[in-house]
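Peer 1: For reference, the chains in residue letters:
Number of protein chains: 2
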Amino acid sequence: MEPMARIERSLAGALARAAEPGCPPRLAGAMRHAVFPRGARIRPRLCLAVAAACGEDAPDLTDAAAAAIELLHCASLVHDDLPCFDDAATRRGRPSVHAAFGAPLAVLAGDALIVLAFQALAGCAGQAPERLPALLRAVGGAVGVPCGIAAGQAWECEPGADLAQYQQQKTGALFAAATVCGAAAAGGEAERWRLLGERLGEAYQVADDIRDAACGSEEIGKPVGRDAALGRPSAVRSLGLAGAIDRLEALAEDAVAAVPPCAGSAGLRAHILSETRRLLPQSLARHAA
Amino acid sequence: MEPMARIERSLAGALARAAEPGCPPRLAGAMRHAVFPRGARIRPRLCLAVAAACGEDAPDLTDAAAAAIELLHCASLVHDDLPCFDDAATRRGRPSVHAAFGAPLAVLAGDALIVLAFQALAGCAGQAPERLPALLRAVGGAVGVPCGIAAGQAWECEPGADLAQYQQQKTGALFAAATVCGAAAAGGEAERWRLLGERLGEAYQVADDIRDAACGSEEIGKPVGRDAALGRPSAVRSLGLAGAIDRLEALAEDAVAAVPPCAGSAGLRAHILSETRRLLPQSLARHAA
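The listed protein sequences correspond, in order, to chains U and R.
Residue numbering for the first sequence follows our numbering, starting at 7 and increasing by one per position.
Residue numbering for the second sequence follows our numbering, starting at 7 and increasing by one per position.
If you're looking for bench data, these hints aren't it; they were derived computationally from the structure.
Any given hint could turn out to be false.
Derived list of chain U stretches under chain R, where covered just means 3 residues or more per stretch with a C-beta under 8 Å from a C-beta of chain R [stated by the list, open to error]:
#	region
1	25-32
2	117-125
3	128-138
4	149-160
Using C-beta positions, here's what the derived DEER-type ranges look like [unchecked claim]:
#	chain 1	residue 1	chain 2	residue 2	range
5	U	L236	R	D93	19 to 27 Å
6	R	T96	U	L236	29 to 37 Å
7	R	G28	U	A248	27 to 35 Å
8	U	G166	R	P135	35 to 43 Å
9	U	R232	R	P135	41 to 49 Å
10	R	G231	U	Q133	47 to 55 Å
11	U	A170	R	R15	30 to 38 Å
12	U	R232	R	L236	46 to 54 Å
13	U	A95	R	G246	43 to 51 Å
14	R	E8	U	R275	55 to 63 Å
15	U	A22	R	P135	21 to 29 Å
16	R	P101	U	A276	53 to 61 Å
17	U	G166	R	S289	46 to 54 Å
18	U	A234	R	T96	35 to 43 Å
C-beta atoms are modelled at their ideal positions from N, C-alpha and C, and glycine is treated no differently.
Could you build the full structure based on these sequences and the hints that come with them?
Peer 2: Okay, structure coming up:
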């Protein structure tokens with residue numbers, strides 16, 4: 007089965023819990039709205055690519071890890087879009103969860119999606135239970151404290167934040183979990199894969215800053231100019247647009263160089279190059295090499 | 007070590023992650039504010055009491071399960087108190103998290119506490135790793151979908167909610183997780199313990215409704231009269247005050263009868279009777295038998 011089909015199947019399987027008897031229908035609707043229809047699914051595809059490169063032998067566990075990572079990503083978007091943070095009315099080209107369902111259900115849908123990520127992992131541990139603790143540690147560390155997504159977002163509430171630390175926690179941490187979990191689900195040496203994820207996460211964040219500063223909202227499906235409007239740290243603010251594009255290209259090269267020796271390293275490097283080329287929006291492609 | 011000391015030690019150990027390098031200090035402060043100083047710790051004490059009755063043999067795992075349950079309880083209070091839900095300015099007799107730290111950090115502290123519960127479980131699985139999946143399932147089901155706390159709270163956003171279902175999900179589910187996890191951590195037959203937790207959770211919810219309707223805010227350390235003001239389902243609204251007190255007493259009796267046969271059943275029944283007597287506030291004690 008193709009990676010994207012595996013990911014959608016695994017996410018649909020996880021979300022099926024919200025369709026079971028007893029679940030409030032509007033909460034279930036808000037959770038589905040947050041996860042479907044799909045975005046690029048960059049992180050779970052990375053997780054699957056790493057697992058394949060490591061000689062995947064427990065595909066249900068890989069699929070659960072990939073779904074868990076995407077569920078946590080979706081949860082973070084739902085909470086980031088809340089009125090008390092970005093107050094974003096659109097996401098992926100349609101109403102954000104709080105715009106469609108109200109802030110209370112957006113808070114609860116985010117909470118339930120965080121929990122669902124751990125439920126998905128717990129439900130698929132049967133294939134290789136000894137790998138579960140490492141997966142839980144990687145996923146928990148990527149979203150909690152001290153250095154996960156919630157911590158990264160919280161730097162927006164502190165008087166001074168270091169840009170590199172802010173981006174590493176808010177974005178890099180979950181990319182690192184994607185590579186670490188891909189390896190862990192395949193029984194590989196998980197922590198050797200962290201650097202690759204961190205580099206890709208940093209590249210993705212720089213690309214996101216570029217899109218926010220230099221694209222129209224139609225092109226990227228959400229409001230733009232938010233970093234400048236909210237005074238948030240941004241690679242474009244600190245490096246300028248051309249400097250940020252240079253930085254993105256350097257990070258993509260670093261990521262390719264960070265792939266550990268493994269049976270499927272050639273295919274993985276090709277995946278990474280293809281993915282990083284797609285990070286820069288069409289309107290800026292002429293700047294890229 | 008006394009149960010309360012074990013619980014505080016385990017919670018302090020979990021919260022130590024928020025004091026590690028890289029964590030935003032105000033987020034760490036908001037998380038500590040949500041968990042310390044302690045409330046009654048009813049759920050984790052129940053977890054420890056059940057583990058003891060089942061012949062506890064992996065105390066680190068019991069402590070982690072108890073801490074996880076209390077962290078999830080605290081997270082739910084932080085999010086319940088948000089302006090978009092109860093908009094409660096006080097909790098446990100002092101400012102709620104959003105009143106002290108603002109709504110953004112209250113959202114993130116709740117998120118991070120949810121994740122911390124799973125991090126605590128993952129970190130203590132070494133003692134009996136085969137028990138981890140059951141613990142994760144019980145905890146995840148108690149806070150997520152279809153029938154956990156997030157689902158229970160979401161019934162407040164639906165046009166019609168069944169009172170019993172609302173209370174079972176919002177309160178009973180985590181009490182059930184406390185008894186199920188206590189048994190699971192001790193290697194017992196976990197699901198046999200669910201009914202006891204459900205009965206105790208229902209008793210606790212009825213007592214909470216009574217306090218909200220019939221006590222002063224000084225006596226219980228949070229705003230009162232919220233159920234009526236917000237038009238929420240409540241045992242006092244549906245049964246009247248005297249009817250709600252009768253219901254509480256019947257549920258306490260049901261709980262004692264629901265203790266499964268086990269080595270420590272006598273001690274556990276005494277614990278339950280002592281706890282349920284304390285649920286009714288001083289000012290209403292004359293009504294109770």
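Peer 1: Against each hint, give a clear statement of whether it holds in the structure.
Peer 2: Now for the hints, and whether the structure bears them out:
1. 25-32: holds (count 8)
2. 117-125: Per the Cβ count (7), the hint holds.
3. 128-138: Held - the region 128-138 of chain U has 7 residues with a Cβ nearer than 8 Å to chain R, which meets the minimum of three.
4. 149-160: With 10 residues in contact (Cβ-Cβ under 8 Å with chain R), the coverage given for the region 149-160 of chain U holds.
5. U:L236 <-> R:D93: 19 to 27 Å: 24 Å, holds
6. R:T96 <-> U:L236: 29 to 37 Å: Taking Cβ atoms as reference, R:T96 and U:L236 lie about 30 Å apart, which means the hint holds.
7. R:G28 <-> U:A248: 27 to 35 Å: Once the Cβ atoms are compared, 30 Å apart, the range 27 to 35 Å for U:A248 and R:G28 holds.
8. U:G166 <-> R:P135: 35 to 43 Å: 42 Å, holds
9. U:R232 <-> R:P135: 41 to 49 Å: The hinted range 41 to 49 Å holds for U:R232 and R:P135, with Cβ atoms some 44 Å apart.
10. R:G231 <-> U:Q133: 47 to 55 Å: 52 Å, holds
11. U:A170 <-> R:R15: 30 to 38 Å: 35 Å, holds
12. U:R232 <-> R:L236: 46 to 54 Å: For R:L236 against U:R232, whose Cβ atoms are near 33 Å apart, the range 46 to 54 Å is violated.
13. U:A95 <-> R:G246: 43 to 51 Å: 45 Å, holds
14. R:E8 <-> U:R275: 55 to 63 Å: Check passed, 57 Å falls within 55 to 63 Å.
15. U:A22 <-> R:P135: 21 to 29 Å: 27 Å, holds
16. R:P101 <-> U:A276: 53 to 61 Å: Roughly 55 Å apart at Cβ, these two residues keep to the hinted range, so it holds.
17. U:G166 <-> R:S289: 46 to 54 Å: Since the Cβ atoms of U:G166 and R:S289 sit about 49 Å apart, the hinted range of 46 to 54 Å holds.
18. U:A234 <-> R:T96: 35 to 43 Å: 38 Å Cβ-Cβ, so the 35 to 43 Å window holds.
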